[in-house]
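Line order of the protein sequences matches chains A and B. When we follow the working numbering, the leftmost residue of the first sequence carries the number 1, and every step to the right adds one. When we follow the working numbering, the leftmost residue of the second sequence carries the number 1, and every step to the right adds one.
Check the hints yourself; a few may be wrong.
As the list claims (entries may be wrong) - Once the Cα atoms are required to be at most 30 Å apart in a straight line, the calculated DSS-like pairs of lysine-lysine come out as: (1) B:K45 / A:K57; (2) A:K57 / B:K98; (3) B:K42 / B:K2; (4) B:K79 / B:K45; (5) B:K42 / A:K18; (6) B:K79 / A:K57; (7) A:K57 / B:K42; (8) A:K57 / A:K17; (9) B:K98 / B:K45; (10) B:K98 / A:K18; (11) A:K17 / B:K42.
The set of hints was computed from the structure by calculation and includes no laboratory data. Keep in mind that this is a model prediction, so the values were computed, not measured.
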Amino acid sequence: EADIYQTPRYLVIGTGKKITLECSQTMGHDKMYWYQQDPGMELHLIHYSYGVNSTEKGDLSSESTVSRIRTEHFPLTLESARPSHTSQYLCASSEGGQNYGYTFGSGTRLTVV
Amino acid sequence: RKEVEQDPGPFNVPEGATVAFNCTYSNSASQSFFWYRQDCRKEPKLLMSVYSSGNEDGRFTAQLNRASQYISLLIRDSKLSDSATYLCVVNGRDSSYKLIFGSGTRLLVRP
């Protein structure tokens, strides 16, 4: 039973389109994160938020933007998709604190053609 | 130098074998340590936290060596279902809320 949901699971879209990847969690977690991962490669943090109206860029430069208007919702938007954006996008949330790991959503596999 | 380094493997072992992975981290002030498991094309899932005194969960044992800045994961009596990539995770330099994921060690358990 997933407590963090990502939609869509798969998306194929044309170059230049605007897209929003949805991420919602029902655990009341303040901390939320977006990671990008190419097949067989490591996870790269692209955005994170420690609470409502708080967002920061991660370690990997990304052309995407995020918003955090509600605790449970952390959508990621690409204004103009390009083939270089083709990747898997993983959303995670955390209760925070020293011994709390992240819970990940199932991911969105994005293909830009 | 990466903040978290792992041997990418793959480790190819027979069922029933014992296998160990190590991971080194660069931030001596790190306080949070985890092992995650990631199956092919799936999301990472928390396998276990790693505590200073070491901890065990069934066939899995995790150890932390702060002096040498490495973490280990031992899997006993390997099962076919243990085949996956194992990610070493440590909190980042600038925040205990940001976790840094290693590139992962791939394990293949053969019949």
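Now the hints, each set against the structure:
{"no.": "1", "hint": "B:K45 / A:K57", "verdict": "holds, 24 Å"}
{"no.": "2", "hint": "A:K57 / B:K98", "verdict": "holds, 12 Å"}
{"no.": "3", "hint": "B:K42 / B:K2", "verdict": "holds, 24 Å"}
{"no.": "4", "hint": "B:K79 / B:K45", "verdict": "holds, 18 Å"}
{"no.": "5", "hint": "B:K42 / A:K18", "verdict": "holds, 25 Å"}
{"no.": "6", "hint": "B:K79 / A:K57", "verdict": "violated, 40 Å"}
{"no.": "7", "hint": "A:K57 / B:K42", "verdict": "holds, 24 Å"}
{"no.": "8", "hint": "A:K57 / A:K17", "verdict": "holds, 22 Å"}
{"no.": "9", "hint": "B:K98 / B:K45", "verdict": "holds, 16 Å"}
{"no.": "10", "hint": "B:K98 / A:K18", "verdict": "holds, 28 Å"}
{"no.": "11", "hint": "A:K17 / B:K42", "verdict": "holds, 26 Å"}
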